[in-house]
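K.L.:
Based on the hints, put chains D and U in the right spot on chain E.
Protein chains in written order, with the numbering used here: chain E, 550 to 839; chain D, 234 to 577; chain U, 14 to 415.
Keep in mind that the hints were calculated from the coordinates and are not lab data. There's no promise every hint is true.
[Stated by the list, open to error] Using 27 Å as the maximum straight-line C-alpha spacing, the simulated DSSO-like pairs for lysine-lysine come out as follows:
{"hint": "1", "chain 1": "U", "residue 1": "K189", "chain 2": "U", "residue 2": "K208"}
{"hint": "2", "chain 1": "U", "residue 1": "K135", "chain 2": "U", "residue 2": "K316"}
{"hint": "3", "chain 1": "D", "residue 1": "K395", "chain 2": "U", "residue 2": "K158"}
{"hint": "4", "chain 1": "U", "residue 1": "K90", "chain 2": "D", "residue 2": "K379"}
{"hint": "5", "chain 1": "U", "residue 1": "K324", "chain 2": "D", "residue 2": "K530"}
{"hint": "6", "chain 1": "U", "residue 1": "K364", "chain 2": "D", "residue 2": "K379"}
{"hint": "7", "chain 1": "U", "residue 1": "K135", "chain 2": "U", "residue 2": "K205"}
{"hint": "8", "chain 1": "U", "residue 1": "K316", "chain 2": "E", "residue 2": "K667"}
{"hint": "9", "chain 1": "U", "residue 1": "K52", "chain 2": "D", "residue 2": "K530"}
{"hint": "10", "chain 1": "U", "residue 1": "K90", "chain 2": "U", "residue 2": "K364"}
{"hint": "11", "chain 1": "U", "residue 1": "K291", "chain 2": "E", "residue 2": "K667"}
No experiment lies behind these values; they were computed from the predicted model shown.
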Amino acid sequence: MESFLHETFSGLAAGGIYASVALALVMIHQATHLLNFAQGEMAMFSTYIAWSLINAGMPYWAAFFLTVGIAFVIGASIQRFVLARIRGPSVLSLVVVFIGLLVIFNSLAGWIFTYTIKVFPSPFPSEPPFGQHYVSSHELGATAVTLVVLLLLFAFFRFTSLGLAMRAAAQNPVASRLVGVRVGWMLALGWGLAAAIGAVAGMMVAPIVYLDPNMMSGILIYAFAAALIGGIDSPGGAVLGGFLVGVLENLLGAYVIGNELKLPAALAIIVGVLVVRPSGLFGKVHVTRV
Amino acid sequence: MRLSASVVAPTVIAQRSRRRSLQAVGLALLLVLALALPFVVSNYRSFQFTLVLAYAIALLGLNILTGYNGQISLGHGAFYAIGAYTAAILMDRFGVPYWLTVPVAGVLCLAVGFLFGLPALRLEGLYLALATFALGVTLPQLLKHKSVEHWTGGVQGIVIVKPDAPFGLPLSADQWLYFFTLAVAVLMFVLAWNLLRGRVGRALIAIRDHPIAASAMGIDTSMYKSLAFGVSAMFTGVGGALGAIAVQFVAPDSFSIFLSITFLVGIVIGGLASISGAAFGALFIQFVPNIADQISKAAPWAIYGVFLIGFMFLMPVGISGAIRIAWARIRRHRQGRDAAAGPG
Amino acid sequence: MSIQQLLALAGAGIVLALAGPTALAQKKYDPGASDTEIKIGQTMPYSGPASAYGTIGKVEAAYFRKINEEGGINGRKINFQSVDDGYSPPKTVEMVRRLVEQDEVLLVFQPLGTAANSAIHKYMNAKKVPQLFVATGASKWDDPKGNPWTMGWQPNYQTEARIYAQHILRTQPNAKIGVLYQNDDYGKDYLKGFKEGLGAKASLIVAEVTYEVSDPTVDSQIVQLQASGANVFFNIATPKFAAQAIRKAYDIGWKPVQYVNNVSVSVASVLTPAGLEKSVGLISAAYLKDPTDKQWENDAAMKEWTAFMKKYYPEGSLTDSSNVYGYAAAQTLVQVLRQCGDNLTRENVMKQAANLKNLEIGTLLPGIRVDTGPTDYAPISAVVMMKFDGKQWVLFGEVEGK
Numbered sequence: 550m551e552s553f554l555h556e557t558f559s560g561l562a563a564g565g566i567y568a569s570v571a572l573a574l575v576m577i578h579q580a581t582h583l584l585n586f587a588q589g590e591m592a593m594f595s596t597y598i599a600w601s602l603i604n605a606g607m608p609y610w611a612a613f614f615l616t617v618g619i620a621f622v623i624g625a626s627i628q629r630f631v632l633a634r635i636r637g638p639s640v641l642s643l644v645v646v647f648i649g650l651l652v653i654f655n656s657l658a659g660w661i662f663t664y665t666i667k668v669f670p671s672p673f674p675s676e677p678p679f680g681q682h683y684v685s686s687h688e689l690g691a692t693a694v695t696l697v698v699l700l701l702l703f704a705f706f707r708f709t710s711l712g713l714a715m716r717a718a719a720q721n722p723v724a725s726r727l728v729g730v731r732v733g734w735m736l737a738l739g740w741g742l743a744a745a746i747g748a749v750a751g752m753m754v755a756p757i758v759y760l761d762p763n764m765m766s767g768i769l770i771y772a773f774a775a776a777l778i779g780g781i782d783s784p785g786g787a788v789l790g791g792f793l794v795g796v797l798e799n800l801l802g803a804y805v806i807g808n809e810l811k812l813p814a815a816l817a818i819i820v821g822v823l824v825v826r827p828s829g830l831f832g833k834v835h836v837t838r839v
Numbered sequence: 234m235r236l237s238a239s240v241v242a243p244t245v246i247a248q249r250s251r252r253r254s255l256q257a258v259g260l261a262l263l264l265v266l267a268l269a270l271p272f273v274v275s276n277y278r279s280f281q282f283t284l285v286l287a288y289a290i291a292l293l294g295l296n297i298l299t300g301y302n303g304q305i306s307l308g309h310g311a312f313y314a315i316g317a318y319t320a321a322i323l324m325d326r327f328g329v330p331y332w333l334t335v336p337v338a339g340v341l342c343l344a345v346g347f348l349f350g351l352p353a354l355r356l357e358g359l360y361l362a363l364a365t366f367a368l369g370v371t372l373p374q375l376l377k378h379k380s381v382e383h384w385t386g387g388v389q390g391i392v393i394v395k396p397d398a399p400f401g402l403p404l405s406a407d408q409w410l411y412f413f414t415l416a417v418a419v420l421m422f423v424l425a426w427n428l429l430r431g432r433v434g435r436a437l438i439a440i441r442d443h444p445i446a447a448s449a450m451g452i453d454t455s456m457y458k459s460l461a462f463g464v465s466a467m468f469t470g471v472g473g474a475l476g477a478i479a480v481q482f483v484a485p486d487s488f489s490i491f492l493s494i495t496f497l498v499g500i501v502i503g504g505l506a507s508i509s510g511a512a513f514g515a516l517f518i519q520f521v522p523n524i525a526d527q528i529s530k531a532a533p534w535a536i537y538g539v540f541l542i543g544f545m546f547l548m549p550v551g552i553s554g555a556i557r558i559a560w561a562r563i564r565r566h567r568q569g570r571d572a573a574a575g576p577g
Numbered sequence: 014m015s016i017q018q019l020l021a022l023a024g025a026g027i028v029l030a031l032a033g034p035t036a037l038a039q040k041k042y043d044p045g046a047s048d049t050e051i052k053i054g055q056t057m058p059y060s061g062p063a064s065a066y067g068t069i070g071k072v073e074a075a076y077f078r079k080i081n082e083e084g085g086i087n088g089r090k091i092n093f094q095s096v097d098d099g100y101s102p103p104k105t106v107e108m109v110r111r112l113v114e115q116d117e118v119l120l121v122f123q124p125l126g127t128a129a130n131s132a133i134h135k136y137m138n139a140k141k142v143p144q145l146f147v148a149t150g151a152s153k154w155d156d157p158k159g160n161p162w163t164m165g166w167q168p169n170y171q172t173e174a175r176i177y178a179q180h181i182l183r184t185q186p187n188a189k190i191g192v193l194y195q196n197d198d199y200g201k202d203y204l205k206g207f208k209e210g211l212g213a214k215a216s217l218i219v220a221e222v223t224y225e226v227s228d229p230t231v232d233s234q235i236v237q238l239q240a241s242g243a244n245v246f247f248n249i250a251t252p253k254f255a256a257q258a259i260r261k262a263y264d265i266g267w268k269p270v271q272y273v274n275n276v277s278v279s280v281a282s283v284l285t286p287a288g289l290e291k292s293v294g295l296i297s298a299a300y301l302k303d304p305t306d307k308q309w310e311n312d313a314a315m316k317e318w319t320a321f322m323k324k325y326y327p328e329g330s331l332t333d334s335s336n337v338y339g340y341a342a343a344q345t346l347v348q349v350l351r352q353c354g355d356n357l358t359r360e361n362v363m364k365q366a367a368n369l370k371n372l373e374i375g376t377l378l379p380g381i382r383v384d385t386g387p388t389d390y391a392p393i394s395a396v397v398m399m400k401f402d403g404k405q406w407v408l409f410g411e412v413e414g415k
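So here's chain E without its partners, still in its complex pose (with noise of 0.2 Å):
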């Protein structure tokens, strides 16, 4: 019983750690209704810059939100700089240049800072929580911060008439373009929110799993998994998403398939679930209408 609340606790954690990153593709799909793949690369090469700010001295929070900022100016400019001038035909030239960013970043990464492991500091304290063992408080503090996000985000959509435009864009542009919605900037706002999210995660993550160029590969699968099985447009649906991926993938691992096949079982439970239910748990059901 223990070990089985053990791999539910580790479960819940590290589902933390790939609701945090769902978030930034669901912001990213929200904006644009592409899938950014390199979204993970760009979170591990924020959270490098934050690691530089750190050594050089600069107190925890203060680099924090200094690399927010950063990061969702880098985002902001890729979109601007980069995409907007790719005039493909297809979604798949952009899907390539995605690629392209992504090996870019994570072979700078690799460049400029090693690849011996960095230890990344937590602003939370280092006892775990009431004395229990199931949980660190950095765990506990991550999924908060990822929750507080996750109600931003929410509010953001829902309540502003920002959050309205760029919805619309991503939906519609010509229609959003006619009733005076800046297209282009909505498109470079959805970017650089979907890169600070992505930091923040990053930087969230880091504690637990070391600070390493090859950090986010893994938890980006995790990350995809969860995003799709919530839904894509919900953001909260997201974040269930991933808590149910970290808990199924330690439960798989533990007690039925063994830790070789934990990720292909994890996944075809959730092709599974995707063929009955195309849209995701929470997702919209979107229907054509001919």
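P.N.:
Same frame as chain E, now just chains D and U:
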């Protein structure tokens, strides 16, 4: 002075048949060059071009599915791996001759691809991408698993021996394998061309661009989509088998998810929905990483990434698309000149 | 002696006298060697999942630069061609073929990765090109009869694991052992050696759990091991995961006697991220000096290494033991090439590689030497056990293995 239809039509027909004969001449020239290649370059280069041919067949498969039929696949590395392991296991464990393993790999992948395509019918776009991604990630894990270790060699992989030239021909093993792979490649390309220019090709494209209209017109969308998966897997599996024989080694590490992603990159850069695109893409994915490595030892993949973005910037329709556009421009220029010169 | 015999002797003597100095000064070259240079090839995972090891190739390149600046080897400069194979065997095959057939290197030095070396094994022996000092601890490279052109360098994983097994049998004969291992050749090789070392008592292992390089954490695996009731833990993981395992075990209150594999013993790269207080009592074995261990602060060889790093490889990490590893391997190769003198044929390279007697390399632990022979293709097979006391690794016991 107006050009009447009776004057224009024969000119247009003449141009079209002139274009066709030009194309035929071009292809013949290409074939001659390909046949002469191993005699002009070193064994090592023949080996590299054998790999290019294997990749070209694999990319052709992916193009059929993603380019012509619009079903995105992030897991075609899995079919390449299945083809490769089929060849390796048959050759090493059962002593099957190498040339027989290629069609067996093709048939096996046809079946697996079709079976995978069936449930995939329910999934679109991103969700299909995830499902194929899951396939690409899963297969290496399965190959490593204890239960099949006896057949697959587990993480150690399987070493196979390259065949020597038959009938005592004065060719090195590398040269012979190149010719064998070339023959299979020509066969597969002709097969694809035949398939895609007829009704099947049009149906696939129709399903890609206007699925509702297509089914309204009576096209059995489900059957075509599953078939596309099967045929696509078959091509890629054949490529995998040839690649394995050339490299003489298979291991789970050779077929990571990055291979699937590389294939996708290959068809986009080569040109979607284009048979020649598969060849261009294969040349790109084989040689550009080597070029990037020579440009920068410190961060070669960053250079590769820059190449990718640059290509998408300059040639968003891929290399074959860019050639088509350039050719069309030359023709328009010549047409304008001919028209200005007047009829007769 | 008859006149004929005397004349024959005299004739022979004259011939010898004439041929003598020329025979001694006769230079023999295979492709890749000349009066002015020695071409050495290498494949390394500079990109891909194993890119952390790319620094080995870089530190070796830096060392060869140093040797060249100091005059080279017997007057010849080393031309070191190290290329990326992305840890993908087909790429390794392609790159090695290029190095051998196009660039015509004399030998291939320290190709890294078990799968990579397996892929080129047959080819190198068929082409009779030295596959020298392969950078992997797999045990199959010590096979002078079957594959005379391939030789390993480091103590192989099975030897090391056997030593841990025997230590457990000596000190805790009724242990319940849990093993965490990476699901690849490296992990499986260690496990195999471990089981062989336990012999009939292999049933002492109560749990074996694996992880993949793509897994974000190994937390779940550690929980599984605790649940199995194990009180001895063999940690076969690479630095990042070993650190996670050490930390998680402590955090969930599991306190087994923990053996950690030699790949992950660095104080700075593994134990500090895990937490020094969480690493107290760890047992391992080593053959190289840890650059972050204070007990070697004033050691002459380590000071020399630090100076070398600062001058020739300043962007390299002074806390990464891979950089000590590559340095030591490069020194071994330089010794082999020096022993070749002017006979730089591939055959002689292998002959000299199999002729290293009691070679002392400064960065190896005291008591450990490099030794090879025509039937002994394992240059280093000795390790010293050590225990971590919270600050540094304390060596104990004898040099074991050879």
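K.L.:
Take the hints in turn and mark each one as holding or not.
P.N.:
Hints, verified against the model:
1. U:K189 to U:K208: Judged against 27 Å, a Cα distance of about 13 Å means the pair holds.
2. U:K135 to U:K316: Violated, at about 41 Å.
3. D:K395 to U:K158: holds (23 Å)
4. U:K90 to D:K379: violated (48 Å)
5. U:K324 to D:K530: Holds. K324 (chain U) to K530 (chain D) sits at ~20 Å (cutoff 27 Å).
6. U:K364 to D:K379: Violated, because 40 Å separates the two Cα atoms, which is more than 27 Å.
7. U:K135 to U:K205: Holds. K135 (chain U) to K205 (chain U) sits at ~24 Å (cutoff 27 Å).
8. U:K316 to E:K667: holds (24 Å)
9. U:K52 to D:K530: holds (18 Å)
10. U:K90 to U:K364: holds (21 Å)
11. U:K291 to E:K667: holds (17 Å)
When each numbered hint is compared with the structure, violations occur for hints 2, 4 and 6.
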